[in-house]
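Peer 1: As a plain string of letters, each chain reads:
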Amino acid sequence: MHIAVLAKVVPDYAVPSSDFELVDNRAHAKYTRMIGLYDENAIETGVQLKQKYGASLTVISYGRDSDVPVLRKALAMGADRLVMIQGESDDAYTVAANLKLAIEKLGNVDMILAGQQSADMDRGLVHGLTAGMLGCPFIPQVSRISSENGVWTVDQIMENGVREMSVSGKAVFSITSVPENVPRIPAVRDIFGAKKKPVEKMVSVSGNGACVTEISVEIPILTSVCELIPMDDPGVMAQTLLKRLREARYL
Amino acid sequence: MKTLIVEIIEPNRLGELMTASRKFCDQPDIVAIGTGDIPGSYHVAYQTQECIGANLTASLGDLIKTNGYEIVLMSATTLGASIAGPLAILLSASIITEATGITDDSMIERPIYGGKAVARYKADTWPLILTIRRKYFEKDTLNGQTSSIPLPVSAGPVKLVTEKIEKAEGVPLEDAEVIVTGGRGMGGAENFSMLKDMAGYFPKGAVGASRGAVDEGWVSPSLQIGQTGKIVAPSVYFAIGVSGASQHLAGIANAKCVVAINKDEEANIFKRARFGLVCDYKNVIPEIVRALREES
Ligand SMILES: Cc1cc2nc3c(=O)[nH]c(=O)nc-3n(C[C@H](O)[C@H](O)[C@H](O)COP(=O)(O)OP(=O)(O)OC[C@H]3O[C@@H](n4cnc5c(N)ncnc54)[C@H](O)[C@@H]3O)c2cc1C
Ligand SMILES: Nc1ncnc2c1ncn2[C@@H]1O[C@H](COP(=O)(O)O)[C@@H](O)[C@H]1O
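Protein chains in written order, with numbering that gives the first Met the number 0: chain A, 0 to 250; chain B, 0 to 295.
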């Protein structure tokens, strides 16, 4: 079994709004680079499946060459190798076209995992496009995967519950977060080991474009005045809070 | 423009899509998924009981090609996420997901960077596949019902094994007027019972959670509020032990009043809050519950 995980390196997604700056419509280059949060859930899921089924695990990323050191974390978590497609586009069609080529080049991929959404573009789209281009089924928001006789059985977390589904053959699943796939913290030994794992670089192709033009990117202005309720006596505080909420007709 | 809505038969979702469709047309067509009557007035209504996105894509593609739809509208839910990408490839369509606004000149707005920025896009070609985030479009009142013709769907690649629908205890989060949300700062599953008690004193009260609390396994993922959880619009939103990450705030943009309870006065949640209590929640929630009990 060969599992491919699609992972994107993004600017620190935990930067608070008040500190966020744009340069040329993109996050300022000063923010620390890291693997997207959901993509780490996907890597963790891949590592667990690798351990359970003796699979091999390849991480594929489209992005800057300088992000290779960041992606070593995936190798330290347990992936076997990294394919780095060198490109700078944020266009979903272009990224998907490149991921598709890398998957086809690997040749024997049985399952493709992705994060539910990237932690910068937040669109939950690239994986579905990649599946469409590969001509294989796509199931989003998957929390659990098992395999028997070439059939995948997956749990999908919906708005109002869980759906168990099965599909055979190559498929693309986007992974949502559940306590079972909280990304592991690699041990020091594994961090060193990851430095020796193979990294293959690929040159990107230009895609057809998503047929949409980005017109502008702006930071919305947040205006809020927070009234701190004095905390001298918790009982008085509770009453003051409820009184203020009622006076302002929120309750 | 010729517009097709694809959605399960659920009045709130349909109402929001109807509002969005008015930016493009007077009366949209619909593919309604599920059983029963289709609320609202559509030009043509198709209906199917096939609820798995991957199994619907091919027949939707045929329908859209045959009828020349220019806009395909879905909500940004599990179903919309299943269909949008593969359908775009099938139709070589323009695609924009998770939209939160449509301007009068048909520009589409959507947040990026966890809601820290808003991008505007224009579609260059048709059809355009568009998914909209829940709760960002006022829901239209759906008048009457439309009778449907069946949408032929051939067997798809995915089989449904089981489906467990979680019955929300009490008021669903999307309809709640008061939400009491706990984050990772709650420190354990058992502490959520305090929040349940508190929510119980409000007529339309419900308990929510941050991804931090869900990741810890303290509550079900169906309680998660935020960009990738439920989008809510209560009158009062209590955020307890929640740091206020932008992705969490993306789910409460339309909350009227946020009350933050956090022991770290630097926590980002205070920047979004109307009222703030800088303290350990364990010292104040029991007092708030006591005050509510005494009043009731
Ligand atoms: C693409 C993407 C999508 C995401 N979607 C969502 C989403 O939909 N919803 C969501 O919530 N997150 C989402 N996140 C995650 C988000 O970035 C944060 O990691 C998450 O919201 C943190 O949860 P938290 O505030 O509970 O935990 P933490 O950030 O760990 O904060 C805990 C807070 O509790 C306070 N605290 C601790 N003890 C106490 C006490 N005794 N009394 C009072 N206060 C206390 C601390 O001071 C701290 O501020 C997403 C992230 C990404 C990248
Ligand atoms: N540049 C990229 N390299 C690798 N995987 C990507 C890239 N962009 C998106 N993906 C994958 O597709 C998912 C959805 O991305 P998006 O559509 O940008 O939200 C991400 O969580 C990744 O798993």
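None of these hints come from the bench; they were simulated from the model. Cβ coordinates follow ideal geometry from the N, Cα and C atoms, glycine included. Accuracy of the hints is not assured; some may be wrong.
To be verified - 20 Å max Cα-Cα, derived SDA-like pairs, lysine to any residue:
id	chain 1	residue 1	chain 2	residue 2
1	B	K270	A	E217
2	B	K195	B	P171
3	B	K270	A	K104
4	B	K262	A	D231
5	B	K163	A	P178
6	B	K262	A	Q50
7	A	K242	A	L221
8	A	K104	A	P229
9	B	K281	A	V69
10	B	K158	A	E20
11	B	K158	A	D109
12	B	K138	B	K195
13	B	K64	A	D231
14	A	K196	A	V69
15	A	K242	B	T140
16	B	K195	B	N282
17	B	K270	A	E20
18	B	K255	B	D279
What the hints assert, rightly or not - Have a look at the derived ranges for each label pair, beta carbon to beta carbon:
id	chain 1	residue 1	chain 2	residue 2	range
19	A	A186	B	D61	49 to 57 Å
20	A	N207	B	N11	34 to 42 Å
21	A	P178	B	D123	39 to 47 Å
22	A	K242	B	I148	56 to 64 Å
23	B	R289	A	G192	18 to 26 Å
24	A	N148	B	K203	46 to 54 Å
25	A	T222	B	E137	32 to 40 Å
26	B	A188	A	L250	48 to 56 Å
27	A	D232	B	A188	45 to 53 Å
As the list claims (entries may be wrong) - Which bits of chain A does chain B cover? Going by a derived footprint, with three or more residues having C-beta under 8 Å, they are:
id	region
28	64-77
29	131-142
30	177-186
31	219-228
Peer 1: Of all the hints given earlier, name the ones this structure violates by number, lowest first.
Peer 2: Of the numbered hints given earlier, those the structure breaks are 3, 6, 7, 8, 9, 10, 12, 13, 15, 18, 23, 25, 26, 27 and 28, listed in rising order.
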